[in-house]
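Go by the hints and put chain B onto chain A.
Chain order of the listed sequences is A and B.
Position 57 of the first sequence, counting from 1, maps to 49 under our numbering, and the rest follow consecutively.
To get our numbering, take the position in the second sequence, counting from 1, and add 538.
A portion of the hints provided could be inaccurate.
[To be verified] So the derived label-pair ranges between C-beta atoms look like this:
1. Arg679(B) x Ile19(A): 25 to 35 angstroms
2. Ser84(A) x Trp643(B): 25 to 35 angstroms
3. Gly(-6)(A) x Ala640(B): 52 to 62 angstroms
4. Ser84(A) x Val597(B): 30 to 40 angstroms
5. Gly91(A) x Arg590(B): 30 to 40 angstroms
6. Arg664(B) x Asp100(A): 20 to 30 angstroms
7. Gly91(A) x Lys626(B): 22 to 32 angstroms
8. Pro684(B) x Asp30(A): 40 to 50 angstroms
9. Ile19(A) x Asn566(B): 30 to 40 angstroms
If you're looking for bench data, these hints aren't it; they were derived computationally from the structure.
Being a predicted model, the structure only gives us computed values, none of them experimental.
No residue lacks a Cβ here, since even glycine has one placed at the ideal position from N, Cα and C.
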Amino acid sequence: MGLFRWGLKHSPWVYHVNTGACNNCDIEIVDLITPRFDVERFGVQLVASPRHADALLVTGICTRQCRPRLQEVYRQTAKPCLVIVIGVCACSGGIFHDGYHRWGRVDDAILEVDPNAVFAYVPGCPPKPEAMALGVLKALSML
Amino acid sequence: MDESPLVNELKAHLGAKAQWVRETSKDNIFALVRPQDVPDCVRILWNEMHGRWGVITGVDVVGGIELLYHFIFDKHHRVVTLKTTVEKPFPEIESVTPIVPAAEWTEREAMDLLGVKFRNHPRPERLLLSDDWPEGVHPLRKDYQPKDPNA
Chain A
-7 MGLFRWGLKH SPWVYHVNTG ACNNCDIEIV DLITPRFDVE RFGVQLVASP RHADALLVTG
53 ICTRQCRPRL QEVYRQTAKP CLVIVIGVCA CSGGIFHDGY HRWGRVDDAI LEVDPNAVFA
113 YVPGCPPKPE AMALGVLKAL SML
Chain B
539 MDESPLVNEL KAHLGAKAQW VRETSKDNIF ALVRPQDVPD CVRILWNEMH GRWGVITGVD
599 VVGGIELLYH FIFDKHHRVV TLKTTVEKPF PEIESVTPIV PAAEWTEREA MDLLGVKFRN
659 HPRPERLLLS DDWPEGVHPL RKDYQPKDPN A
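If we strip away everything but chain A, and leave its shape as in the complex, we get (with noise of 0.2 angstroms):
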């Protein structure tokens, strides 16, 4: 393991994308990083720029306006970068699954830009942030 993974493994930063989520795995979200589940001790930051953004943290269905926008962010990460997709609504549709604006999965979304990309998906409505920081922990060993 080169001091490049090793770096990334021990700090990962992520940027928190939302394309089209009812803000509950938001609220969640912002559970996880501040200081009662404290995720910064395992140095996972927020960061407010996806050029410095080791993962991605995605909540939401992927709706036909966000697609070519979360496009955009994924293209914009410094790679490897890692996609965490949070929530039922990301992994699977959820109850929107045939809802009229709907695109489809935010991992076919991510995946027509890069084929190769590595997910992790933490279903639920919302997920705890135990959950959440477990995928970020078992996408961070896939590295």
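Chain B only, in chain A's frame:
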């Protein structure tokens, strides 16, 4: 149930413009108006009676699109709703945004999702649907097919 004094006040202000004014439940008063009288009635409720603007609700009913203009009267603890029906297939009504600026987005929403045309709207642009959504497909209409091949 005692009738709210607001009902008589509404009857006095709206006059012949309201076909009827009824208190349908503890909190709600409905007034049926013709589509061409809607701007006048909104002006009366907004400027003269000082109601608080709520929202416009649109429902696809048989023969037309029903538009419900909700005003809130906090002192009376009542919601007053102006009810009108615009006829399909080309529902069209005068915009109330020049009178109540806050109505802009809710009218644009009805424009997107139900296909109601608001005459003299200051910014008749798309609000909720995506940029690549086809013209003339309105997802909250009853005749909308899920997974529309055009959409």
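Results of checking the hints against the structure:
As the Cβ distance of arginine 679(B) to isoleucine 19(A) is approximately 34 angstroms, the hint placing it in 25 to 35 angstroms holds. Between serine 84(A) and tryptophan 643(B) the beta carbons are some 31 angstroms apart, a value that agrees with the proposed interval 25 to 35 angstroms. Here the CB-CB span from glycine -6(A) to alanine 640(B) is close to 58 angstroms, well matched to the stated 52 to 62 angstroms. Remark: the range hint 30 to 40 angstroms for serine 84(A) to valine 597(B) is upheld by a beta-carbon distance near 31 angstroms.
Judged by the Cβ atoms, the range 30 to 40 angstroms given for glycine 91(A) and arginine 590(B) holds: they are separated by roughly 32 angstroms. Take arginine 664(B) and aspartate 100(A): their Cβ atoms lie about 25 angstroms apart, and the range 20 to 30 angstroms holds. For the pair glycine 91(A) and lysine 626(B), the supplied restraint of 22 to 32 angstroms holds, since their beta-carbon distance comes to about 24 angstroms. The beta-carbon spacing between proline 684(B) and aspartate 30(A), approximately 43 angstroms, falls within the hinted interval of 40 to 50 angstroms.
A C-beta distance of roughly 33 angstroms is found between isoleucine 19(A) and asparagine 566(B), which places it inside the suggested range of 30 to 40 angstroms.
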